[in-house]
Amino acid sequence: MTTVRLPLFPLNSVLFPGLVLPLNVFEERYRALMRDLLKAFPADPTDPDSDPAVSDEPRQFVVVAIRDGHEVAPASSGMPDDITTKEAGSGPAAGFGDDPLASFHATGCIADAATIRERADGSFEVLATGTRRVKLHSVDASGPYLTAAVEELPEEDGDEAGALAEGVLRAFRSYQKRLAGARERSLATGAELPDEPSVVSYLVAAAAVLDVPTKQRLLQAPDAASRLRDELKLLRAETAIIRHLPSLPATELTRQATSLN
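So the mapping is simple: our numbering equals the position in the sequence shown, first residue as 1, plus 142.
Simulated from the structure, these hints should not be mistaken for laboratory data.
One or more of the hints may lead you astray.
In silico DSS-like links for lysine-lysine, alpha-carbon gap of 30 Å or less [claimed, not checked]:
id, residue 1, residue 2
1, 357, 277
2, 375, 277
3, 319, 357
4, 375, 357
5, 277, 319
6, 181, 319
The calculated label-pair distances, taken between Cβ atoms and stated as ranges, are [stated by the list, open to error]:
id, residue 1, residue 2, range
7, 282, 355, 23 to 29 Å
8, 375, 291, 33 to 39 Å
9, 144, 364, 25 to 31 Å
10, 301, 240, 41 to 47 Å
11, 304, 210, 37 to 43 Å
12, 239, 322, 40 to 46 Å
13, 192, 240, 39 to 45 Å
Quick reminder that beta carbons are idealized off the backbone N, C-alpha and C, glycines included.
Work out the full structure: start from the sequences and follow the hints.
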C-alpha cells in the first residue's frame, strides 16, 4: 500500500474526477492552505506576463464529503458574512469532533487547483478540477489545516462496461430532456457526450440531481460497470419522478455550485 499526504478540504458535497469545482475560500484554515499552495507552486517567474493565480504545476488537495460535521466552523460573529473574522474556524479540525477521520467519508477525490486568486480581503476564489479517487487512511490536525494520508484507488471498467455506458447515455439523454422540459430550456445534442465507460460514469454521477449519500455511493463504486448499473436504475427512477413533478431543478453539466468552505 502506497500512501501520500495531501491537504484536506471537507465539503458537504461530492467531487468526481472530471468535475469542475468553484470554491469561495474564506475560513482562515483554508486560506492558509491556499497560501501554501501559491507559495509551493508559483506562476512562471521568468514570464513577466504570467498570471500569479495560475500555475502549470498541479496544486493538489483532497476533497472529501462530510459524514458528520460542519463545512463551516460554528462562529458567533456572523460567519460566513463576516469573512475577516480570524477566530472562526481557527482550529484545523473545528466542527469535526475529536476524531476528524470519523466525520468524513472514506473515499474522496484529489482536486487540482488550476486557478487560485486572492481577493483584497484575504479570501480566495479558486477553480479546481477533480482528478483521481483516493481512500483516506488517517487525518492529521497538527498543522494550520487538516492533511490526510491517502491511497489512490484503481480505475477499472469491469464486466460489460461498454454496453452499460451506452444504456446509461440513452437513459441520461432522456433524463436531460425531462429536466430541460421542466425548465423550458433547450438541450445540447447528445453528440457532445463521451463514450468511455469511466468518463460516462463520472459525468452522469456529477450531473444528476442526487443527494450526497447517493453521490458518495457512486464515487466509491469498485469499478465503472458497477457505477453504471447503479446509475441506470437511478436515472430511470428519477426520470419517472420528473415526469410527474416537472418543476424539479436541473444542474449544469460537469459543474457544481460554488462551495462556501
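Q. Are the Cα positions of residue 375 and residue 357 separated by 30 Å at most?
A. holds (14 Å)
Q. Using the C-beta atoms of residue 144 and residue 364, is the stated range 25 to 31 Å upheld?
A. violated (19 Å)
Q | Satisfaction of the hinted span 41 to 47 Å by the C-beta atoms belonging to residue 301 and residue 240 | A | With a Cβ separation near 43 Å, residue 301 and residue 240 satisfy 41 to 47 Å, so the hint holds.
Q | Range hint compliance [Cβ, residue 304 to residue 210, 37 to 43 Å] | A | With a Cβ separation near 38 Å, residue 304 and residue 210 satisfy 37 to 43 Å, so the hint holds.
Q) How does the Cβ-Cβ distance of residue 192 and residue 240 compare with 39 to 45 Å: does it lie in that range? A) holds (44 Å)
Q. CA of residue 181 to CA of residue 319, is that 30 Å or under?
A. Answer violated: residue 181 to residue 319 is near 45 Å, above 30 Å.
Q | Range agreement (Cβ of residue 322 with Cβ of residue 239, hint 40 to 46 Å) | A | Once the Cβ atoms are compared, 42 Å apart, the range 40 to 46 Å for residue 322 and residue 239 holds.
Q.
Holds or violated: residue 277 and residue 319, Cα atoms, limit 30 Å.
A. The hint is violated at about 35 Å.
Q. Within 30 Å, alpha carbon to alpha carbon, are residue 357 and residue 277?
A. holds (16 Å)
Q) Are residue 319 and residue 357 close enough, with their CA atoms no more than 30 Å apart? A) holds (21 Å)
Q: Verify the proposed pairing of residue 375 with residue 277, using a straight-line Cα cut of 30 Å.
A: holds (26 Å)
(Q) If I claimed the Cβ atoms of residue 375 and residue 291 lie 33 to 39 Å apart, would that claim hold in this structure? (A) holds (34 Å)
This entry does not satisfy hints 5, 6 and 9, going by the numbered hints stated previously.
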